[in-house]
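Place chain G on chain L using the hints.
The residues making up each chain are set out below.
There are 2 protein chains.
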Amino acid sequence: MSAPTESITAANIVNGVNVAALLDTIKAVQGNAEIGKFNFRATNKWLDGEKNRTTIKDFTGALQEHRTDSKGFTFDNGEPPVLLGTDHAPNAAEWLLHALVGCVTGSIVYHAAARNIVINAIDSKIDGDIDLHGFLGLSEKVRKGFNTIRVRMRVKTKAEPALIKELATFSPMLDVVSRSVPVALDIETY
Amino acid sequence: MSAPTESITAANIVNGVNVAALLDTIKAVQGNAEIGKFNFRATNKWLDGEKNRTTIKDFTGALQEHRTDSKGFTFDNGEPPVLLGTDHAPNAAEWLLHALVGCVTGSIVYHAAARNIVINAIDSKIDGDIDLHGFLGLSEKVRKGFNTIRVRMRVKTKAEPALIKELATFSPMLDVVSRSVPVALDIETY
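Chains as they are written, first to last, in my numbering: chain L, 1 to 190; chain G, 1001 to 1190.
Just so you know, these hints were derived from the structure itself, not from any lab. Ideal Cβ positions, reconstructed from N, Cα and C, are used throughout, including at glycine. Honestly, I wouldn't trust all of these hints.
[To be verified] Using 20 Å as the maximum straight-line C-alpha spacing, the simulated EDC-like pairs for lysine to aspartate or glutamate come out as follows:
| no. | chain 1 | residue 1 | chain 2 | residue 2 |
| --- | --- | --- | --- | --- |
| 1 | G | Lys1156 | L | Asp123 |
| 2 | L | Lys156 | G | Glu1188 |
| 3 | G | Lys1125 | L | Asp58 |
| 4 | G | Lys1027 | L | Glu140 |
| 5 | G | Lys1165 | G | Asp1127 |
| 6 | G | Lys1125 | L | Glu188 |
| 7 | G | Lys1057 | L | Asp76 |
| 8 | L | Lys156 | L | Asp123 |
| 9 | G | Lys1045 | L | Glu65 |
| 10 | G | Lys1057 | L | Asp123 |
| 11 | L | Lys57 | G | Asp1129 |
| 12 | G | Lys1158 | L | Asp186 |
| 13 | G | Lys1125 | L | Asp76 |
| 14 | L | Lys165 | G | Glu1140 |
| 15 | L | Lys57 | G | Asp1127 |
| 16 | L | Lys57 | L | Asp76 |
| 17 | L | Lys37 | L | Asp76 |
[Claimed, not checked] Facing chain L, a subset of chain G residues (Cβ under 8 Å, in silico):
| no. | residue |
| --- | --- |
| 18 | Phe1038 |
| 19 | Arg1041 |
| 20 | Ala1042 |
| 21 | Asn1052 |
| 22 | Thr1054 |
| 23 | Phe1073 |
| 24 | Val1118 |
| 25 | Ser1124 |
| 26 | Glu1140 |
| 27 | Lys1144 |
| 28 | Gly1145 |
| 29 | Leu1174 |
Just chain L, with the same shape it has in the complex (with noise of 0.2 Å):
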C-alpha cells in the first residue's frame, strides 16, 4: 500500500483512487440506472449470551454477482464485562461506529478525487451516547439507540473545511444514520 502523494501520477490516481475508473463508472450508471443497483448482504448466527457471528461474502452490483467464489468475511459480535460479555469482540453499537466513521472518510476520498482535490490525511474521532434506560425498557422516554452520534475529522488538504463537509455528506452510512431507513423485521419461529 503506497502512503497518500500530493503529485497525481500518469494513471490518474488522486488520493488512492483510480480517478479514469471513478468517471468511467458513473458513466455507466449514467447510461444504464440497473448497473448502479446494488444489494449488499449478510448472515449471522447466535453463538451463545452475547456472542453473534457474522459473514460478509456475495452481493450484487453492476448487474453481476461478486464474492460468490470467496470465502468472505466472517467478525462476531461481542459484549464487554459490564454488558455481561467477556469483550471477545466489539459490540455492535461500536461496529456501527466503524461503518460511519469509515463510509464519511471514504467519501470523501472519493468525491475529492473525483474533482482533482488533492487529500494527504484523515483522522478521525467519533462517538455516541446511549442511555441504557431505553434498551432496558425502564423509561419510554429514553430512546434505546444513540441519542447523538460527533465525528471529529482532521483532513491535511489545501481544501477548505467547508468542501471538505460538502464531500462528507455524500457518505451513505451518514444518510443511514442520519435519516431514517425502513427496516422490515420478518421472524420465524420452529
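Showing chain G alone in chain L's frame:
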C-alpha cells in the same frame, strides 16, 4: 463456549446470559440514572484510496472507563473491485449490516433471558438496497444510503414469533437505523 441449552442452570444462566447479573444491572440503573449512561467511541485513520482503519478501544459506562489498558480492536474498511477497491475488507455498508443484525440478535437473547424465555438457535439473513445514483450525485431524488433493509430471522424457541419480534424492537442499532440520529460532523483542515 457452551452450546445453548434448554435447561436453566443453578447459576441462573438463560441463553448464555447471567440473568442475576442482568437484573442487578437493571436495578443499578433504576437506582442511579448515571449508571445507565454509556459513551462508545472509535478512532479512524485513512490509509489510501478506499482503505481506512478503525481502532475500537476505551468506552465509558456505569460511571467507569473501560478497556483503558487493552490494545483494543482494529478493523479495516475496504471496497470490492467493482467499487474501485481491492476487497481486503468489507465496505461500510456491509459493516453496518453486521452491526444491525448482531444487535437485533443480541437484544432478543438478552430480553428473552430476562423473561426466562429459552432461545435455542437464531440464524439470520440481512440485506439492503443501495442505488449508486445517490452516492455519485447523479440524482437528488435517490438517497445515498440504503433505501430499505430486510432482516429475516429463524429462531428456535417455544415462544411465538410476535413475542420474539417484540423483544427484537429493543435493539439499539435497530433504533439507530430505523429512526434518525443527529450526527454532528466537525471537520478541521490543516
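Tested hints:
Restraint check for G:Lys1156 and L:Asp123: not satisfied, since their Cα atoms lie roughly 44 Å apart, outside the 20 Å limit. Only pairs whose Cα atoms come within 20 Å are accepted, and L:Lys156 paired with G:Glu1188 is accepted, the gap being roughly 9 Å. For a cut-off of 20 Å, the pair hint linking G:Lys1125 to L:Asp58 stands: about 12 Å separates their Cα positions. For a cut-off of 20 Å, the pair hint linking G:Lys1027 to L:Glu140 stands: about 17 Å separates their Cα positions.
At most 20 Å may separate the alpha-carbon atoms for a hinted pair to count; G:Lys1165 and G:Asp1127 meet this at roughly 18 Å. Straight-line distance between C-alpha atoms of G:Lys1125 and L:Glu188 comes to about 12 Å, which keeps the hinted pair within the 20 Å bound. At roughly 16 Å between alpha-carbon atoms, G:Lys1057 and L:Asp76 fall within 20 Å of each other, so this suggested pair holds. Between L:Lys156 and L:Asp123 the CA atoms are separated by roughly 9 Å; this keeps the pair inside 20 Å, and the hint holds.
Between G:Lys1045 and L:Glu65 the CA atoms are separated by roughly 30 Å; this puts the pair beyond 20 Å, and the hint is violated. Using a Cα cut-off of 20 Å, the hinted pair G:Lys1057 and L:Asp123 holds, with the two alpha carbons roughly 16 Å apart. Simply put, L:Lys57 and G:Asp1129 have alpha-carbon atoms about 15 Å apart, close enough for the 20 Å limit, and the pair holds. Between the alpha carbons of G:Lys1158 and L:Asp186 the distance comes to roughly 17 Å, so the proposed pair stays at or under 20 Å and holds.
Annotation: proposed proximity of G:Lys1125 to L:Asp76 holds, straight-line Cα distance about 15 Å (limit 20 Å). With a CA separation close to 18 Å, the supplied pair L:Lys165 and G:Glu1140 stays within the 20 Å bound. Restraint check: the Cα-Cα separation between L:Lys57 and G:Asp1127 comes to about 11 Å, which is no more than 20 Å; the hinted pair holds. Of the supplied pair hints, the one linking L:Lys57 and L:Asp76 holds, its CA atoms being roughly 15 Å apart against a limit of 20 Å.
Between L:Lys37 and L:Asp76 the alpha-carbon distance is near 28 Å, which puts this suggested pair outside the 20 Å criterion. Evaluation of the G:Phe1038 hint against chain L yields a held restraint, the C-beta minimum of about 5 Å falling below 8 Å. Interface restraint check: G:Arg1041 against chain L, minimum CB-CB distance 4 Å, threshold 8 Å, status holds. A hinted interface residue such as G:Ala1042 counts as satisfied when its beta carbon comes closer than 8 Å to some beta carbon of chain L; here the least separation is about 5 Å, so the hint holds.
Because the closest C-beta pair between G:Asn1052 and chain L is about 5 Å apart, less than 8 Å, the hint holds. Evaluation of the G:Thr1054 hint against chain L yields a held restraint, the C-beta minimum of about 4 Å falling below 8 Å. Taking 8 Å as the C-beta contact cut-off toward chain L, the hint placing G:Phe1073 at the interface holds, the least distance being around 5 Å. Of the supplied interface hints, the one on G:Val1118 is violated, with its beta-carbon coming no nearer than about 12 Å to a beta-carbon of chain L, more than 8 Å.
Among the interface hints, the one on G:Ser1124 holds; its C-beta lies about 4 Å from the nearest C-beta in chain L, closer than the 8 Å criterion. With a cut of 8 Å, the hint placing G:Glu1140 at the interface with chain L is violated, because the nearest CB-to-CB distance is about 12 Å. With a cut of 8 Å, the hint placing G:Lys1144 at the interface with chain L holds, because the nearest CB-to-CB distance is about 4 Å. Checking G:Gly1145 against chain L: minimum C-beta separation of about 4 Å stays under 8 Å; hint holds.
About 6 Å separates the beta-carbon of G:Leu1174 from the nearest beta-carbon of chain L, less than 8 Å, and the hint is met.
The earlier numbered hints that this structure contradicts are 1, 9, 17, 24, 26.
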